[in-house]
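Asks: As a plain string of letters, each chain reads:
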Amino acid sequence: MRALLVRGGRVIDPASAVDARVDVLLRDGTVAAVGPALADPGADVLDATGAVVAPGFIDLHTHLREPGDEHKETVASGLAAAAAGGFTTVCAMPNTRPPADDPAVVRTVLELASASGLARVLPIGAVTRDRAGRALADLAELAAAGCVAFSDDGAYVADAALMRSALEWARALGVPLSDHCEDPALVRGGTMNEGPVSARLGLPGAPGAAEVAAVARDLALAALTDAHLHIAHVSTAAACDLIATAKARGLHVTAEVTPHHCFLTERAVMERADVEGLAYDTDARVNPPLRSESDRRACLEALRAGVIDCVATDHAPHARTDKWCEFDRAAPGISGLETALGVLGALVAQGALDLPTAVARLTAGPARAWDLGRRVPGIGSLRPGAPADLVVFDAAREWMVHPARFRSRGRNTPLAGRALRGLVLTTVHGGRVVYRHEEQG
Amino acid sequence: MSERAIEARPSAAAGATAWRHHHLLDVDTLSRDEIELVLDTAAEMRGILERSVPRAPALRGVAVVTLFYEASTRTRVSFELAAKTLGADVVNVSATGSSIEKGESLVDTVRTIERLGARVIVMRHASAGAPYLAARNTAASLVNGGDGWHAHPTQALLDAFTIRRHLGRVDGLRIAIVGDILHSRVARSNAWLLTTLGAQVVLCGPPPMLPPGMGGVAEDDLLPPVQVTTDLDAALRGADAVMALRIQLERMGTSEAPVSRAYARDYGLTVARLQELAPRALVLHPGPMNEGVEISPDVAHGAASLVEEQVQNGVAVRMAVLYLVTGKGA
Numbered sequence: 001m002r003a004l005l006v007r008g009g010r011v012i013d014p015a016s017a018v019d020a021r022v023d024v025l026l027r028d029g030t031v032a033a034v035g036p037a038l039a040d041p042g043a044d045v046l047d048a049t050g051a052v053v054a055p056g057f058i059d060l061h062t063h064l065r066e067p068g069d070e071h072k073e074t075v076a077s078g079l080a081a082a083a084a085g086g087f088t089t090v091c092a093m094p095n096t097r098p099p100a101d102d103p104a105v106v107r108t109v110l111e112l113a114s115a116s117g118l119a120r121v122l123p124i125g126a127v128t129r130d131r132a133g134r135a136l137a138d139l140a141e142l143a144a145a146g147c148v149a150f151s152d153d154g155a156y157v158a159d160a161a162l163m164r165s166a167l168e169w170a171r172a173l174g175v176p177l178s179d180h181c182e183d184p185a186l187v188r189g190g191t192m193n194e195g196p197v198s199a200r201l202g203l204p205g206a207p208g209a210a211e212v213a214a215v216a217r218d219l220a221l222a223a224l225t226d227a228h229l230h231i232a233h234v235s236t237a238a239a240c241d242l243i244a245t246a247k248a249r250g251l252h253v254t255a256e257v258t259p260h261h262c263f264l265t266e267r268a269v270m271e272r273a274d275v276e277g278l279a280y281d282t283d284a285r286v287n288p289p290l291r292s293e294s295d296r297r298a299c300l301e302a303l304r305a306g307v308i309d310c311v312a313t314d315h316a317p318h319a320r321t322d323k324w325c326e327f328d329r330a331a332p333g334i335s336g337l338e339t340a341l342g343v344l345g346a347l348v349a350q351g352a353l354d355l356p357t358a359v360a361r362l363t364a365g366p367a368r369a370w371d372l373g374r375r376v377p378g379i380g381s382l383r384p385g386a387p388a389d390l391v392v393f394d395a396a397r398e399w400m401v402h403p404a405r406f407r408s409r410g411r412n413t414p415l416a417g418r419a420l421r422g423l424v425l426t427t428v429h430g431g432r433v434v435y436r437h438e439e440q441g
Numbered sequence: 442m443s444e445r446a447i448e449a450r451p452s453a454a455a456g457a458t459a460w461r462h463h464h465l466l467d468v469d470t471l472s473r474d475e476i477e478l479v480l481d482t483a484a485e486m487r488g489i490l491e492r493s494v495p496r497a498p499a500l501r502g503v504a505v506v507t508l509f510y511e512a513s514t515r516t517r518v519s520f521e522l523a524a525k526t527l528g529a530d531v532v533n534v535s536a537t538g539s540s541i542e543k544g545e546s547l548v549d550t551v552r553t554i555e556r557l558g559a560r561v562i563v564m565r566h567a568s569a570g571a572p573y574l575a576a577r578n579t580a581a582s583l584v585n586g587g588d589g590w591h592a593h594p595t596q597a598l599l600d601a602f603t604i605r606r607h608l609g610r611v612d613g614l615r616i617a618i619v620g621d622i623l624h625s626r627v628a629r630s631n632a633w634l635l636t637t638l639g640a641q642v643v644l645c646g647p648p649p650m651l652p653p654g655m656g657g658v659a660e661d662d663l664l665p666p667v668q669v670t671t672d673l674d675a676a677l678r679g680a681d682a683v684m685a686l687r688i689q690l691e692r693m694g695t696s697e698a699p700v701s702r703a704y705a706r707d708y709g710l711t712v713a714r715l716q717e718l719a720p721r722a723l724v725l726h727p728g729p730m731n732e733g734v735e736i737s738p739d740v741a742h743g744a745a746s747l748v749e750e751q752v753q754n755g756v757a758v759r760m761a762v763l764y765l766v767t768g769k770g771a
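Chain order of the listed sequences is A and B.
In this text, residue positions in the first sequence follow the working numbering: the first is 1, and each later residue adds one.
In this text, residue positions in the second sequence follow the working numbering: the first is 442, and each later residue adds one.
If you are wondering where the hints come from, they were derived from the structure by calculation, not from laboratory data.
Just so it is clear, CB atoms sit at the ideal spot from N, CA and C, and this is done for glycine as well.
No false leads were slipped in.
Here are the in silico distance ranges between beta carbons for each label pair:
#: 1; chain 1: A; residue 1: Ala135; chain 2: B; residue 2: Asp707; range: 44 to 52 Å
#: 2; chain 1: A; residue 1: Arg320; chain 2: B; residue 2: Lys543; range: 17 to 25 Å
#: 3; chain 1: A; residue 1: Arg320; chain 2: B; residue 2: Arg556; range: 19 to 27 Å
#: 4; chain 1: A; residue 1: Gly50; chain 2: B; residue 2: Pro648; range: 55 to 63 Å
#: 5; chain 1: A; residue 1: Glu271; chain 2: B; residue 2: Glu491; range: 43 to 51 Å
#: 6; chain 1: B; residue 1: Ser539; chain 2: A; residue 2: Arg297; range: 44 to 52 Å
#: 7; chain 1: B; residue 1: Lys543; chain 2: A; residue 2: Glu439; range: 44 to 52 Å
#: 8; chain 1: B; residue 1: Lys543; chain 2: A; residue 2: Gly29; range: 53 to 61 Å
#: 9; chain 1: A; residue 1: Asp226; chain 2: B; residue 2: Pro648; range: 36 to 44 Å
#: 10; chain 1: A; residue 1: Leu224; chain 2: B; residue 2: Arg577; range: 50 to 58 Å
#: 11; chain 1: B; residue 1: Ser539; chain 2: A; residue 2: Glu70; range: 25 to 33 Å
#: 12; chain 1: B; residue 1: Asp662; chain 2: A; residue 2: Asp241; range: 29 to 37 Å
#: 13; chain 1: B; residue 1: Pro699; chain 2: A; residue 2: Glu271; range: 35 to 43 Å
I would like the entire structure built from these sequences, with the hints used as guidance.
Replies: Have a look at this one:
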């Protein structure tokens, strides 16, 4: 493969504290050099003038759906979506059919990923067999198969003693446990956030306390076991406070927040740009649900301050029929890989974050949270020797969300028709261009 | 407007306010004048129903389909009788015994019914918002016959009609709605409708059955401007009308509600409790009633009770709604 010289861009590499107009030279699948006026006569040149150059984004929370739900997404379509969104590494959630509670499923996903080649997949293994919350999966075997974390995402491990055992195993294996924190007894049929909007719409509500109670229990278990607990998709102000306190106490706790919980509120269920009257927008149905404005602001502030380590998309693609139905029958989830940067850019434009922080939460943040450099040296950075994964994007460019143009099979997004900011121009994975933006008519 | 106008010259029936709604999904989008138009039209319809041969074929040739995903007696039958009184052709579809049992989606079912010729689809569904999805996907007029916990617009209209008929007005009245407010589409639609008409509305129920945020400071008209209390006597004090809601017996004795004996003691309407009401106060219930739980038999069948008249007025109000959404009042 020829070397690739990315020239003239503003390089933002938070892991190495670089924010400067420099060139990046990629050679033999790794970063060869970063510096001013680099030259390599044999290299292809990618002109990044006027654009930002950052390490390829890392998503700790992606649903690729294969095997089992190929009508929603395949590994290939999901990785194409990742590349289009600037992500070069995605951590694949195990809730496939069959679930990744067995190394054979993990190996299948890794084979499909390497056949695609559009992004790196780091697999996540199930915590419990069949994700049923009754008996532990063979966690040691899953770790040996390459799982970078364990999660029963989509479901809370309601049995506290079982969760304790899982955390003890996770600690022994040196793997984080990514925790979907919603106490099902409090959710009890709730399909959106409990509050004035659910009262208006007559929809059963799930209180924010369902998350807070779940986080509190598992922080206690993390303290008991000394395990690495990762709180997935934080959505409430009170959970942010609990996480901040736990970190201050020295617990090994990390956390992620989705772009949609930082950008949208429960009102998205009621109001949608292209719908007149009450929307009952099934594309805004997601677990945990979109919350109140004060929760949204608290999550965003926790992300900015680093209480929450990173942004993760919880990319949850669904087929049209899964969403084109009554609200309470709709599958929960938002297709998020291709809008993540645009949402963060919109938040930067609102003054909620600065651009280097936004980039950090998509690169160094997730890499550090799960210590991924242990597996892939230099990942999430542009240090020499790091993987040749980078994204070139126009930070100022506004664009309209047209789900029909998604690479993902899941066109389910409540952001349809909305203007976002920050457009991916080129994505490079393993030194190879895997995505290039083409202007639409 | 006169009964004769409804039969002979539909355009004369409109009065000063024009009806601009193709669907009736809830009452929260209706102005006070529009609500008055429905109630005035319903008064004319009631006149038709009191004739020896109650027929006024304003909807001759119009196909009305009732599409009920949930069980109902009074709502479905009163829509059917309303449509037939106006000369419409009526077909009833229920979830059992139709393609819905075979897994047909809501949108496909509604489109199929429209293609079969329906001008109006009256729909009841257990999922809040289902009629909104249906309305966005059909050219037929969609009339909401009750969706989940969300809305029951014709019930609220017939309640207001009944109150107005007996007290001459709704404006300025104090009206208490008592029971399981959280799960009640009747309470939600009435809260919007009665406050729009100028009534002071008090919602009262056990703490777990009050919707979150209701009664608080309203955020840009998100919720109707009502009072909320858990104290029945306070709710009834000086009220001009009280509406008891049906309590679902299967919720009794769960985390949501006390056992029925305690419920009857704290929230049941009894003759003794009614002493708190204003003189000539009215008692309403949307039915079906659990006598001895939310309402005692002597109140349910007492002098102040309008329960049976509500049912009767339901036909007139639904005639008015069908007449207006089909453009006959335009």
